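Just so you know, the protein sequences line up as chains Z and S, in that order. For what it's worth, the working numbering labels the leading residue of the first sequence as 277, then goes sequentially. For what it's worth, the working numbering labels the leading residue of the second sequence as 355, then goes sequentially.
In short, the hints are calculated from the structure, not lab data. One thing to keep in mind: the hints can contain errors.
Claimed, not checked - Each computed SDA-like pair below joins lysine to any residue, with the alpha-carbon atoms no more than 20 Å apart:
id	chain 1	residue 1	chain 2	residue 2
1	Z	614	S	421
2	Z	544	S	369
3	Z	352	S	520
4	Z	604	Z	618
5	Z	614	S	473
6	Z	604	S	392
7	S	359	S	394
8	S	359	S	473
9	S	519	Z	363
10	Z	352	S	519
Here the structure is a predicted model, which means the values were calculated and not measured.
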Amino acid sequence: MPEYTLKVRRYQPETREGPYWQEFTVDLDPDLSVLDGLLQVRDSQDGTLVVRCSCKAAICGSCGTKINGQSTLACKTQISEAQDGANRRPGDHGGNPIVVEPMGNMPVVKDLVTDMESTHWEKVRRVTPWLLPEGDPPEREYVVPPESMIDVTQSMACIQCGACVSACLSMEADPEFVGPAALAKAYRFVGDPRDSQTKERLYDLAQDPHGIYDCTHCFSCVDACPKGVAPMDQIMRLRRLASHDHDIDDVNNGRRHELAFTKIIERKGTLDESLLLQESYAQGVVGKLMPTSGAIKGLIGSLPTAIRGIRTGKMRSLGKLIPGVHPKLPGDAQQHVKRVYSHSEEHREELNLYITGEEEVVPEPDEAPDPLGSAVGGGRQHMDKVTEGGSETAGQSEATPVADIEPEPDEEGGR
Amino acid sequence: MSDLKLAYWPGCVSRGFTPELHGSMALVADRLGIELLELDRANCCGAGVIAEHNQELADTLNARTFALAQSTGLAMMNICSTCQGAQSECQQRLDADSAYRAHINDALADEGLEYTKAKDGWTNKNLLWVLVEDYGLDRLKEKVTRPLTELRVGPFYGCYVIRPKHRIGYEEHPDRDLYLESVIETLGGQPVEYDGARKCCGFPVITMNRDTSLRQAGTHIADALDAGADCLVTPCPLCHLNLDMQQPEAAKVTGRDLGLAVLHLPQLVALALGFEPKELGMGKHIASTEWVESRLAGGVPA
Numbered sequence: 277m278p279e280y281t282l283k284v285r286r287y288q289p290e291t292r293e294g295p296y297w298q299e300f301t302v303d304l305d306p307d308l309s310v311l312d313g314l315l316q317v318r319d320s321q322d323g324t325l326v327v328r329c330s331c332k333a334a335i336c337g338s339c340g341t342k343i344n345g346q347s348t349l350a351c352k353t354q355i356s357e358a359q360d361g362a363n364r365r366p367g368d369h370g371g372n373p374i375v376v377e378p379m380g381n382m383p384v385v386k387d388l389v390t391d392m393e394s395t396h397w398e399k400v401r402r403v404t405p406w407l408l409p410e411g412d413p414p415e416r417e418y419v420v421p422p423e424s425m426i427d428v429t430q431s432m433a434c435i436q437c438g439a440c441v442s443a444c445l446s447m448e449a450d451p452e453f454v455g456p457a458a459l460a461k462a463y464r465f466v467g468d469p470r471d472s473q474t475k476e477r478l479y480d481l482a483q484d485p486h487g488i489y490d491c492t493h494c495f496s497c498v499d500a501c502p503k504g505v506a507p508m509d510q511i512m513r514l515r516r517l518a519s520h521d522h523d524i525d526d527v528n529n530g531r532r533h534e535l536a537f538t539k540i541i542e543r544k545g546t547l548d549e550s551l552l553l554q555e556s557y558a559q560g561v562v563g564k565l566m567p568t569s570g571a572i573k574g575l576i577g578s579l580p581t582a583i584r585g586i587r588t589g590k591m592r593s594l595g596k597l598i599p600g601v602h603p604k605l606p607g608d609a610q611q612h613v614k615r616v617y618s619h620s621e622e623h624r625e626e627l628n629l630y631i632t633g634e635e636e637v638v639p640e641p642d643e644a645p646d647p648l649g650s651a652v653g654g655g656r657q658h659m660d661k662v663t664e665g666g667s668e669t670a671g672q673s674e675a676t677p678v679a680d681i682e683p684e685p686d687e688e689g690g691r
Numbered sequence: 355m356s357d358l359k360l361a362y363w364p365g366c367v368s369r370g371f372t373p374e375l376h377g378s379m380a381l382v383a384d385r386l387g388i389e390l391l392e393l394d395r396a397n398c399c400g401a402g403v404i405a406e407h408n409q410e411l412a413d414t415l416n417a418r419t420f421a422l423a424q425s426t427g428l429a430m431m432n433i434c435s436t437c438q439g440a441q442s443e444c445q446q447r448l449d450a451d452s453a454y455r456a457h458i459n460d461a462l463a464d465e466g467l468e469y470t471k472a473k474d475g476w477t478n479k480n481l482l483w484v485l486v487e488d489y490g491l492d493r494l495k496e497k498v499t500r501p502l503t504e505l506r507v508g509p510f511y512g513c514y515v516i517r518p519k520h521r522i523g524y525e526e527h528p529d530r531d532l533y534l535e536s537v538i539e540t541l542g543g544q545p546v547e548y549d550g551a552r553k554c555c556g557f558p559v560i561t562m563n564r565d566t567s568l569r570q571a572g573t574h575i576a577d578a579l580d581a582g583a584d585c586l587v588t589p590c591p592l593c594h595l596n597l598d599m600q601q602p603e604a605a606k607v608t609g610r611d612l613g614l615a616v617l618h619l620p621q622l623v624a625l626a627l628g629f630e631p632k633e634l635g636m637g638k639h640i641a642s643t644e645w646v647e648s649r650l651a652g653g654v655p656a
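Please build the complete structure, drawing on both the sequences and the hints.
See the structure below:
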């Protein structure tokens, strides 16, 4: 059997020594996992190596680890794959050890075991991760259209392993960020048609300075998640619902920034950055809205940068700083961009890649995996704008226009 | 005669806050013999922000740009990681469902445009990918007249050309997250390994959480400095805004004395092709590029 070298980051607090690296060589079938390698070390070489694991089948979520810098599950990473990963690090070619570390963004308890309480569980509890339905529960089960639950199945696939939290680049800079796992969990309830607190949940997460607008959109959690939850996609859904459907004017300027950006492209086709800065911070100065204290702070905060920009000629000239002095698209191109807007704003289609698959079976490397297969049907959601009230969940109450779904069971004659 | 001809989407920022990028790209294309047909009617990619507002709108806007490129019969090139990411995301949705695609194309019909999935193997690639996969590093090496010997360059990719892997072509091109190092070596420079090379610059939240944003930028710059970098290079103008334009602010937030030049990818290539820093608008940067210039001139010992 081939030999592999595991370079493990060790930490044994009772020795009062700092963390250190230790290399172990294991004999392992290439199809077995990095976790199998670690367990072989523990069983036959060093009984003090501490690893947390249980199911060895990517179900329990216990063995979150960083392997060659990538947050993942040790049981779901084949050791031969990990070796390939180690060999392609920039600068070296071949023969590198597989680097195994505890998860990031979390305190280390011992060796590969991290404390997930303060960085994960507390944040999950913070988003009220249970259903808050209106009124008394029904006599039997809640009856909802099946397609209305499809969209939340992706976030329901979460096994709470913390790999996304470990990989989160925003949390590295802001440890208070609610984070990808908890926000994906929040969408699981925001998107649930039985929940009655949709708007309240969204309001809470939009207003929190460490909430949905603290995500930097870096896709790190999407690559880390072993279950295809794509936490960042769920955060973007939360933003769409908060801003577009519930008009929540947050103190973080998330909605203002998004609206200003979208409007500028409608008017000019390409981005006028000066106008964006002005409008996302200080719509209120020239418009009818009162600027938030955050907006005023933001505008003042951006001034030194702007002045420096003029001095070096970065902003071309003073003209570039005057919002509105920006080239337009040639000819009738802008009219066509406006037509695109009116076509899309009449209604809103959302294509959930998690539940859709191209009907033409053309294997394409760029194509996303299709976890539920074609049996589920189309993944399009028709998102009609919800104008008031928090009890209705946008989009979820509407039938998808393309899905071929069984009719709801008849309440009386269904059995 | 040029054998590489591409429909070129320069993006908004390269013609706005970082005009030196657009200018440098034109010089590089000319010197390398890459013919670029600029898509002057195309629109903003939405940078992920429009998709936050309305996914269908973002998809339609980008379908329009793709259709404009396809109507030229040429593959498309961008010079912005963020354009690449936002456009790849929309393209993935457009390619996933023919009914959805037909609905989107409906909005483009008035202009006589249509986006066709996989039309003649049509692709949309960032300059970095074009250099490695289509132009070729051997050919690039032949064009180098001033090797960047001794220049220690920290690569800064920008999230959207490296993540998410399932969307942006890693099955076909598994080494896309090592291309910057390869290009730096091809140009005669030394790639610097540091922690932030594949992390987020923080730009997307600069107007929403300034502290998070600048802490990210400042940390990566400091890490690169600690690793001995003379400069950073990035294929993304939005990363450039946070790493260069905001660098003095990032220094305040992180409490570090920074001062590291950040070059656009075409600027770094152009330096090796013999262009002068002034022609490349390097004086327009906020973080001074003087150190890089003196290193190139052999004036500062390693």
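What are the numbers of the hints that this structure violates, sorted from low to high?
-> The structure conflicts with hint 5 only, although it agrees with all the remaining ones.
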